[in-house]
Amino acid sequence: MGDRSTLLETGRFVRAEAESGAQAGGAAQAVDARNAMTPQTARNAAPATAPAAVSPARTAPHDDVFDDEAFALTDSASDAELEARHRVAADKGDPGAMSVLGALMLRRGDLTGAEPYLRGATAEGDRAAANNLGVLLHQRGYPEEAAGWWRVAAVAGSAPAAHALGRHYRERGDEPAAEYWMRQAAESGHALGAYGLADLLEHRGDKGVERWFRAAAEQGHREAAYRLARHLRKGDPVEAEQWYRQAAARGHRRAGLHLGALLEARGELKEAGRWYLTSAKQGEPRAACALGFLLRDAGDEESAATWWLRAAQDGDGNAANALGALHAARGETQTAEKWYRAAMDAGDQNGAYNLALLCVAQERTAQAEQWYRRAAYAGHREAANALAILLLQVGDAAGAEPWFSKAAEAGSVDAAFNLGILFASRDEDRTALKWYERAASAGHTDAALQVGIALVRDGEERAAERHLRCAAGGGSAEACFRLASLLESLAPPPEPVALGEPVGGAARTESEEWYERAAELGHRRAQVRVGMLAAARGELAAAARWYREAAEAGSRNGAFNLGLLLAREGNEPEAALWWTRAAVAGHGRAALRLGLLAARQGDLSEGQKWCVRAMELGPAEVSERAGRLREALAEELSA
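Going by the numbering used here, the first residue of the sequence shown is number 1, and it counts up by one from there.
If you're looking for bench data, these hints aren't it; they were derived computationally from the structure.
Among the hints, a few may not be true.
Unchecked claim - With a straight-line cut-off of 30 angstroms between C-alpha atoms, the simulated BS3-like cross-links for lysine-lysine are:
#1 K234 x K270
#2 K281 x K207
#3 K338 x K281
#4 K281 x K270
#5 K234 x K207
#6 K434 x K406
Generate the whole structure from the sequences, applying the supplied hints.
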């Protein structure tokens with residue numbers, strides 16, 4: 001898709017004659033023969049010009065830089081009538097008629113018939129005939145002779161010929177000559193010349209690119225409009241969008257794709273879908289793929305699969321991967337594998353990575369390693385990280401380290417974090433911290449937590465606070481708890497409660513808020529701490545709720561504290577149940593409480609058993625108290 005055709009021209013060697021630049025990429029310009037002048041008037045005035053189509057098989061190599069475009073053919077009956085009208089005068093030697101007749105015959109592919117008329121008109125000084133003769137010779141495979149006639153026409157003021165000559169020199173690597181003639185065409189207002197000059201300047205990194213793309217785009221050159229939009233997209237996205245729209249409206253399929261992506265990023269999904277659809281129907285596989293993702297996100301998986309299939313069959317690796325993932329999710333592993341392999345064949349190494357994931361899910365470790373390696377060697381950083389994890393899982397830490405390093409150096413945040421874990425396991429704390437800091441700077445929540453922990457350990461509380469806030473903001477319950485603990489330790493001691501002032505009237509501190517956030521995220525120690533803070537304020541129901549939540553999640557401190565609250569309320573049977581759970585989990589104070597409860601109830605043997613347990617669990621204070629109680633119970637039993 002783009003602007004492509006070989007155009008012909010009619011006109012005399014007179015600079016004042018008008019020539020219109022048409023939106024095409026060929027070597028010259030053609031008259032629309034239906035609007036041609038009579039032989040007599042052709043000598044004295046510049047004829048109107050318009051684009052004409054040429055058979056693709058005869059398109060000059062000049063057109064290769066443009067995309068394909070379909071051009072409507074001129075009515076053959078009208079051409080035949082115009083040809084008949086000019087033939088008599090042309091056969092009598094009228095140069096204007098010979099020029100028009102030669103152009104008509106050249107346009108319909110009759111090179112043999114056109115050549116003598118064009119040569120005859122050129123001999124009489126017809127500038128357009130010289131240009132068109134160059135087109136004819138170029139199509140016959142005589143580029144140097146063609147360039148000679150283009151030079152004749154260009155010197156006489158033909159902008160299309162100057163453009164063709166510039167293209168000729170660029171194809172031969174003579175960029176200074178190419179620029180000279182392209183500039184001649186561009187400064188004459190020729191759209192193709194302006195586009196060709198902009199393309200050359202952009203290739204060389206010179207100034208003036210935007211000016212000449214704009215000059216061509218303003219004359220309707222759709223490829224120039226697309227290239228101008230690409231040039232403007234970072235500096236002036238609003239104007240870039242306008243040019244994308246112009247190019248897309250003229251059928252430029254890549255412009256439609258980029259316009260759709262721009263609208264999708266802005267959340268205008270309905271219009272984005274329309275442009276993706278337009279571009280996809282014009283044969284752009286990336287647009288078909290993007291349309292598939294839009295449809296999938298809207299819940300229409302079947303339509304998404306249809307467009308992904310179309311894109312994948314046209315060689316889009318991303319669409320093939322999407323199809324593979326779709327079939328993998330349905331449990332159709334063989335079909336998924338087929339599409340992942342198709343993605344690899346399309347040059348998308350995500351296919352190899354996805355194949356490895358498929359093998360891992362099927363516990364085919366050897367095959368997974370093979371595909372991870374293929375993707376990793378091709379530069380897939382997440383495959384390198386996954387390969388390192390696989391090697392680490394089988395005990396090959398030495399083999400894992402270089403792949404972690406390769407992935408981390410390529411920008412994998414997870415790999416940087418994993419390197420931190422690897423070095424920490426070797427007690428290389430400083431190296432581990434370096435990799436944690438690298439991952440944390442890229443927003444890795446767990447890495448920020450590890451950096452915060454290390455800084456607290458080193459006594460750098462304020463620096464630790466910053467990293468813990470980052471990790472807590474990322475949703476880490478452990479970071480919320482540690483941040484709360486740090487803030488609590490840094491806070492000044494609370495003012496003593498004045499006589500008569502109600503307990504718990506003070507506002508919640510920031511540390512309490514972070515404890516509560518951690519508790520809400522399921523952090524058991526935070527739940528116990530929030531319960532303790534609530535109990536200190538006299539909010540016993542809230543305290544019991546948090547203790548129970550922690551205890552049910554397996555917290556022995558939560559179970560012990562819940563037992564204390566229940567016992568205070570007179571519910572010793574349920575308190576005993578929670579103390580028993582805590583004691584079995586290793587809570588010495590809970591075991592001591594059970595010993596005291598049994599002694600009070602007269603079950604001396606049971607009391608001795610729990611005292612022994614409390615002595616084993618400690619801490620020292622509890623062990624001492626449990627020992628004294630055990631001795632007392634023993635004396636009571638022996639009395």
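Each hint tested on the structure:
Distance restraint check for K234 and K270: the Cα-Cα separation of roughly 24 angstroms lies within the 30 angstroms cut-off, and the hinted pair is therefore satisfied. At most 30 angstroms may separate the alpha-carbon atoms for a hinted pair to count; K281 and K207 exceed this at roughly 36 angstroms. Restraint check: the Cα-Cα separation between K338 and K281 comes to about 25 angstroms, which is no more than 30 angstroms; the hinted pair holds. For the proposed pair K281 and K270, the alpha carbon gap of about 17 angstroms is at most 30 angstroms, so the pair holds.
Restraint check for K234 and K207: satisfied, since their Cα atoms lie roughly 17 angstroms apart, inside the 30 angstroms limit. Among the hinted pairs, K434 with K406 is consistent with the structure: their alpha-carbon atoms are about 16 angstroms apart, no more than 30 angstroms.
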